[in-house]
Amino acid sequence: MPRRIWLSGYRNYELNIFKDDDPKLLIIKKALRAKLINLLDDGMEWVITGGQLGVEQWGVDVAHQLQKDYSQLKIGIILPFNDFGHHWNENNQNKLQKVLAMSDYHALLTKKPYQSPRQLRVYQQFMLKHTDGALLVYDPENGGKPQYDYQAIQAYQQQHCYNCQLIDMYELQSIAETW
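Counting in the working numbering, the sequence shown runs from 2 upward without gaps.
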């Protein structure tokens with residue numbers, strides 16, 4: 002029974018979602034909500050994520066809404082480095098500030114600015130060691146940025162008991178067809 006879940010997945014641009022009223026976003030949030038409710042019913046207490054645009058921020062929004070009915074649910078956001086999001090436009094920086102305000106806990110993994118991809122691997126290892134399982138909106142058949150997290154999870158699973166649930170394109174399509 003995982004108490005702490007690492008939530009991640011595609012960036013908004015990987016799914017061609019650029020507006021908050023995109024119908025695809027409603028389907029993704031519905032899928033996230035259903036999975037998170039199942040995890041909450043199994044004893045999950047924390048959703049821990051980063052602040053990336055896309056699934057991570059949408060997941061914070063869904064978890065924040067669920068806190069009304071699941072008072073035990075806490076939201077943690079761990080940013081991988083100090084200047085995370087600084088190159089984003091003002092609207093996207095405001096979105097980051099909004100999700101940080103929704104969290105029960107947020108912190109920087111390092112106070113250093115971005116220097117190299119090694120920081121992202123350190124971030125992955127931190128997330129793996131501080132969570133009991135993962136929920137990814139990711140389809141191995143479609144690649145994308147989440148593949149690096151998925152590969153890190155698979156490597157970690159070789160040595161540790163660590164559950165990873167995927168919300169793939171087939172599941173999203175099924176939700177869209179039945180909605």
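What the hints contain is simulated information worked out from the structure, not anything from laboratory work. One thing to keep in mind: the hints can contain errors.
The calculated EDC-like cross-link candidates involving lysine to aspartate or glutamate, where the alpha carbons are at most 16 Å apart (straight line), are [as the list claims (entries may be wrong)]:
no., residue 1, residue 2
1, Lys-75, Glu-91
2, Lys-113, Asp-84
3, Lys-36, Glu-172
4, Lys-75, Asp-133
Pairwise CB distance ranges, derived in the manner of DEER restraints [unchecked claim]:
no., residue 1, residue 2, range
5, Gln-174, Asn-39, 13 to 23 Å
6, Gln-116, Lys-30, 30 to 40 Å
7, Asp-21, Ile-176, 29 to 39 Å
8, Gln-120, Ile-176, 17 to 27 Å
9, Tyr-171, Leu-109, 28 to 38 Å
10, Thr-179, Gln-98, 33 to 43 Å
11, Gln-148, Arg-34, 20 to 30 Å
12, Gln-116, Asp-42, 38 to 48 Å
13, Gln-98, Arg-5, 37 to 47 Å
14, Thr-179, Tyr-106, 31 to 41 Å
15, Arg-4, His-107, 11 to 21 Å
16, Arg-34, Lys-112, 12 to 22 Å
17, Lys-130, Leu-101, 19 to 29 Å
All C-beta atoms in this analysis are idealised placements derived from N, C-alpha and C, irrespective of residue type, glycine included.
Each hint, compared with the structure:
This hinted pair does not check out: Lys-75 and Glu-91 have alpha carbons roughly 27 Å apart, beyond 16 Å. Using a Cα cut-off of 16 Å, the hinted pair Lys-113 and Asp-84 holds, with the two alpha carbons roughly 8 Å apart. As the CA atoms of Lys-36 and Glu-172 are separated by approximately 11 Å, the hinted pair is consistent with the 16 Å bound. Taking the CA atoms of Lys-75 and Asp-133, the gap is about 15 Å. The hint holds against a cut of 16 Å.
About 20 Å separates the C-beta atoms of Gln-174 and Asn-39, a value consistent with the hinted range of 13 to 23 Å. The supplied range of 30 to 40 Å is met by Gln-116 and Lys-30, whose beta-carbon atoms lie about 34 Å from each other. For Asp-21 paired with Ile-176, a C-beta distance near 19 Å fails the hint of 29 to 39 Å. For the pair Gln-120 and Ile-176, the supplied restraint of 17 to 27 Å is violated, since their beta-carbon distance comes to about 35 Å.
In this structure the hint that Tyr-171 and Leu-109 lie 28 to 38 Å apart at CB holds, the actual value being about 36 Å. Checked against the hint of 33 to 43 Å, the pair Thr-179 and Gln-98 passes, with Cβ atoms roughly 35 Å apart. A beta carbon spacing of about 24 Å between Gln-148 and Arg-34 agrees with the range 20 to 30 Å that was offered as a hint. A hinted range of 38 to 48 Å holds for the C-beta pair Gln-116 and Asp-42, which are about 41 Å apart.
A hinted range of 37 to 47 Å for the beta carbons of Gln-98 and Arg-5 is inconsistent with their spacing of about 24 Å. At about 36 Å, the beta-carbon gap between Thr-179 and Tyr-106 stays in the expected band of 31 to 41 Å. About 19 Å separates the C-beta atoms of Arg-4 and His-107, a value consistent with the hinted range of 11 to 21 Å. A hinted range of 12 to 22 Å is violated for the C-beta pair Arg-34 and Lys-112, which are about 34 Å apart.
In this structure the supplied range 19 to 29 Å holds for Lys-130 paired with Leu-101, their Cβ-Cβ distance being about 22 Å.
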